[in-house]
Structures are given as structure tokens and as C-alpha cells.
Amino acid sequence: DLAEVSTTTFASLSSTAIAQITAQARPEISTAQLAVLTSAQAPGLSTVELASLSTAQMGALSVAAMQALNSTQFAAFGSTQLLAMSSAQVESLSKHALPLLGLDTLQALSPGQIQALTSAQIVLLNSSQLQAISPDSLRALTTAALDAISAENFGALRPAQIAALADGQIGV
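Take the sequence shown: its position 7, counted from the start at 1, is 2 in the numbering used here, and no numbers get skipped.
No lab work stands behind these hints, which were simulated from the structure alone.
Just so it is clear, the structure is predicted and the values come from calculations on it, not from any experiment.
It cannot be assumed that every hint is accurate.
Quick list of the computed label-pair ranges, beta carbon to beta carbon [claimed, not checked]: (1) 70 <-> 139: 24 to 32 Å; (2) 146 <-> 59: 29 to 37 Å; (3) 4 <-> 130: 43 to 51 Å; (4) 30 <-> 9: 30 to 38 Å.
Just so it is clear, CB atoms sit at the ideal spot from N, CA and C, and this is done for glycine as well.
Generate the whole structure from the sequences, applying the supplied hints.
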């Protein structure tokens, strides 16, 4: 029974062993076990297991484990799970994961989560994704992140989004 496996033992399992365990009876991985999941183990998690993570379990995933997930694994997350991501997890999203963020998820991200996006991440968002960000959340972006938005994408922002920006953010 996976619930009886200590976090020390769980942390020593290979990604192949984790894949075999999760392929069997789709056991419940504990929050404590997810907290010690390494980047080498994360690829062993099935999409079914990832889709079933609670918000607490999502929050327990380390940045390294999040970065090790491939795009198929990341796509298994629902918007409730994505909204439970910490700022550090949002900041760690790869160029493969960002395009998978749905418009409804981007719209619901908190200002703190949006603020965690780096300039390198912002340039990966298309105009529809940028338009989905709430005005309050867009205002939370750093000047550097706003400067990274292409002129074309910046021009596609909604009037309410532009009105929400502070003068210092748009070079006025």
C-alpha cells in the first residue's frame, strides 16, 4: 500500500518505479510524498494521477518537479489545480507549459501569480492569452515584464487593461 511508504523511501524511487506504481491501482500519493518528489521522479507520474491531485497536493509539488513535467503531463492539470500554484511554481513554468494555459485559467490567476511571470515567460503568451488576464492582474506585472510584450500584443490589450496600468508602467 503506497500510503505506508515513508517519504524517505518514496524519495528514493526511480521514475520507472513511480510509473509502475501509479499504473497499477492508481493509488493515492500523499501530499508528503509529493513534497519529496524529485525532478527525476516527476516524469513517472501518469496524467491520470496528475489530473487527480488536490489543490494541497498541487501546492506541495516542488518547483523542480513542476519543471520536469512534460507538456502532456502539464496538460492533465485542471484550472483548479493551476490556480492553486504558488508564485514560485508559476515562475517556474516552462516554455512548453505556458501555451497550455487556457484563457479561463489566465483570467482567474491572482495578481500575485501573474506578477510571478518573468519577461521571458510573458513573451510566450499570445494576444488572446494576454487579453484574458484581468486588469488588476495585468497591473501587477513588473515594468520589465510589460516591456517584454510585443507592440502587436500590447496593442491588442483591452481598454480596461490599459486603463488599469499605472503611468510608470507604460512609460507615460
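How the hints compare with the structure:
1. 70 <-> 139: 24 to 32 Å: 29 Å, holds
2. 146 <-> 59: 29 to 37 Å: Because 35 Å falls inside the window, the suggested range holds.
3. 4 <-> 130: 43 to 51 Å: Holds - the Cβ-Cβ distance for residue 4 and residue 130, about 48 Å, lies within 43 to 51 Å.
4. 30 <-> 9: 30 to 38 Å: 18 Å, violated
The structure does not agree with numbered hint 4 stated previously, though it agrees with all others.
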